[in-house]
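S.K.: Here is how the chains run, residue by residue.
Protein chains: 2
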Amino acid sequence: MDGYDKYAHEPFAVTVDLAVFTLREGALHVLLVERGQEPYAGRRALPGGFLRPDESAETAARRELAEETGLSDVSGLHLEQLRTYSEPGRDPRMRVVSVAFAALLPDAPEVHGGSDAARADWVPYGTAGPLAFDHDRILADAHDRVGAKFEYTCLATAFCPPEFTLGELQQVYETVWGTELDRPNFRRKVLATPGFVEAVPGAARLTGGRGKPAALYRAGTATALHPPLLRPTREGRPA
Amino acid sequence: MDGYDKYAHEPFAVTVDLAVFTLREGALHVLLVERGQEPYAGRRALPGGFLRPDESAETAARRELAEETGLSDVSGLHLEQLRTYSEPGRDPRMRVVSVAFAALLPDAPEVHGGSDAARADWVPYGTAGPLAFDHDRILADAHDRVGAKFEYTCLATAFCPPEFTLGELQQVYETVWGTELDRPNFRRKVLATPGFVEAVPGAARLTGGRGKPAALYRAGTATALHPPLLRPTREGRPA
DNA sequence: CCTTTTATAGTCGTGCTGACTATAAAAGGG
DNA sequence: CCCTTTTATAGTCAGCACGACTATAAAAGG
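Here the protein sequences line up with chains C and P, keeping their order. Numbering that gives the first Met the number 0 puts the last residue of the first sequence at 238; the count rises by one with no breaks. Numbering that gives the first Met the number 0 puts the last residue of the second sequence at 238; the count rises by one with no breaks.
Read the hints as simulated data drawn from the structure, not as lab findings. There could be a bad hint or two in this list.
Said to hold, decoys possible - Result set (SDA-like, lysine to any residue): computed pairs, CA atoms no more than 25 Å apart in a straight line:
| # | chain 1 | residue 1 | chain 2 | residue 2 |
| --- | --- | --- | --- | --- |
| 1 | P | Lys148 | C | Arg144 |
| 2 | P | Lys148 | C | Glu37 |
| 3 | P | Lys148 | C | Pro227 |
| 4 | P | Lys188 | C | Ala223 |
| 5 | C | Lys188 | P | Ala147 |
| 6 | C | Lys148 | P | Asp72 |
| 7 | C | Lys188 | P | Lys148 |
| 8 | P | Lys188 | C | Leu229 |
| 9 | C | Lys148 | P | Asp143 |
| 10 | C | Lys188 | P | Leu229 |
| 11 | P | Lys148 | C | Gln80 |
Fair warning: this is a prediction, and the values are worked out from it, not measured in the lab.
Kindly produce the complete structure, drawing on both the sequences and the hints.
M.R.: Here it is in structure tokens:
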């Protein structure tokens, strides 16, 4: 913050990019737009846009989230700043510094084009082919971050509807981590963590499917997990 | 990244701010500069500066780190992007978006004014009074991040000289966390984690002080800690 | 020589966790 | 209506990591 008068400060364009995740039919999906113009015309990209003069990056990200998903109320959704990407040349047209965010949605509303010209669609994670700009990297970073936060926070409930079964919560973990978990052990761990979930008194989900109906739970008041819920069999994961 | 042609993009000034930590005489110190001009003239601030047109934020941060500390080789030092601060009004003069970094130094070189006009000094953490701009918040966020990363990474060795004793490593943890640790248990945990430290074959530190000389260790090749080395007695720490 | 100080070794119990088995409650098919 | 399948829930058991603690070794200082 020093050197104000020593070096002329060049102006930069500042954008926000959003990695918006949801679960549809047991698979992790990402919200992507299709670019209609060069560069990367026809390629998919993360939704995002320019920061306005009176906005913080967080405000701009939430505005973009509302615009792209078409949701009227995005105030309760989980939105988290990832990091900032500033390599020269990441946009061939001009110098763009982009603040990346990750967002988690419980249910996947059909996106109706949003208010922007470009159509936004839910795409299964990993099937989108190469994205425009450095968005493959941003998306991978976002996925890593979400998976890591699942270990020591209650973030997984952000993917669940207001009331959910422990089986559904376990599927959230399994889908995001790409691993299978032991059901009794998962249950024991979740219920032993105070504030993670709280039981809905008399309710039981009649799933329509086979099997014994499961009890319903709501997200609790806790945000952190002590001790953490670690992923199975991961030796020497990079920091 | 969409909406390029829908909204005019206002230019922003982009800076990097650095929270540089080191340990001096068993206490955590931060590198701070004293501002010579308005706003916040006479107040201390985090070192930093404007992003140049051909630089990424990481490159600019490392350049500023070298300039402010006077170190010729900062390539091996730990430098980590924290987050980006973009609230309107955080700088009263103009719209500034700042990418914050945390850096860790093993030994504390006396800073000789640096190449900038403002003098930089090591200040004990927590004794600096209110800083300029939103730098108190940035500094607190940096300290939180470093403390949290100590739990599940080998980052603590970044505060140590090339060869160190386990007692010194333990002091690093105790200083950053502000808690005391049980020496035999800390020793057992560190040595049981493969790749955390490796013994220097025949060496023992003659500290000059009293007591049995301690064995010397070097930082190992591992970066992550599995399972983590958790802080004692912390129930319900915010995420 | 004895005390103090610091490093290192070892012990013991508790609690979390992974692996596994058992029971309960529903649907579906004969 | 019974029997199988499916899913939820309860319980068991061993291993291990960790906190708390005790014991020994090796130096310096008086």
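S.K.: Now, for every hint given, state plainly whether the structure supports it.
M.R.: Hints and how they fare:
1. P:Lys148 <-> C:Arg144: The hint holds at about 14 Å.
2. P:Lys148 <-> C:Glu37: violated (41 Å)
3. P:Lys148 <-> C:Pro227: holds (14 Å)
4. P:Lys188 <-> C:Ala223: holds (24 Å)
5. C:Lys188 <-> P:Ala147: Satisfied, since the Cα-Cα distance of roughly 23 Å is no more than 25 Å.
6. C:Lys148 <-> P:Asp72: Measuring from Cα to Cα gives roughly 34 Å; hence the hint is violated.
7. C:Lys188 <-> P:Lys148: holds (24 Å)
8. P:Lys188 <-> C:Leu229: holds (18 Å)
9. C:Lys148 <-> P:Asp143: holds (16 Å)
10. C:Lys188 <-> P:Leu229: holds (18 Å)
11. P:Lys148 <-> C:Gln80: holds (17 Å)
Hint compliance for this structure: hints 2, 6 are broken, all remaining hints hold.
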